[in-house]
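Take these sequences, add in the hints, and give me the full structure.
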Amino acid sequence: MSNHLPHIIPALPPQAEDVLAAAQITREYYAEVRSRNEFAQYCQWYHATAAANRHDLQKMRGELNIFAWFRR
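Number 22 in the numbering used here belongs to position 39 of the sequence shown; there are no gaps in the numbering.
Derived by calculation from the structure, the hints in this document are not laboratory data.
One thing to keep in mind: the hints can contain errors.
[To be verified] Label-pair distances were calculated between CB atoms; the ranges are:
{"no.": "1", "residue 1": "T9", "residue 2": "D39", "range": "42 to 52 Å"}
{"no.": "2", "residue 1": "Y25", "residue 2": "L47", "range": "46 to 56 Å"}
{"no.": "3", "residue 1": "E46", "residue 2": "A6", "range": "58 to 68 Å"}
{"no.": "4", "residue 1": "A34", "residue 2": "Y12", "range": "25 to 35 Å"}
Every residue gets a Cβ at the ideal spot worked out from N, C-alpha and C, and that includes glycine.
Given below as structure tokens:
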């Protein structure tokens, strides 16, 4: 049965294969660009969150530690 497939489904002309290959490469390129942009946005968010956490930590270190009274 598989011997009859080439007769049933004709092969694509060479031009169509080139167009499909170019379309696939274009899709992969834009997927890579999107992935890198998302990663860059994540890195910016991470650094901003880390800076805010460091600021909060410094602020908390300067505050009075009420919980230390209960541990005694």
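Results of checking the hints against the structure:
no. : hint                  : in the structure
1   : T9 / D39: 42 to 52 Å  : 45 Å, holds
2   : Y25 / L47: 46 to 56 Å : 36 Å, violated
3   : E46 / A6: 58 to 68 Å  : 60 Å, holds
4   : A34 / Y12: 25 to 35 Å : 33 Å, holds
Hint violations for this structure: number 2 only, all remaining hints satisfied.
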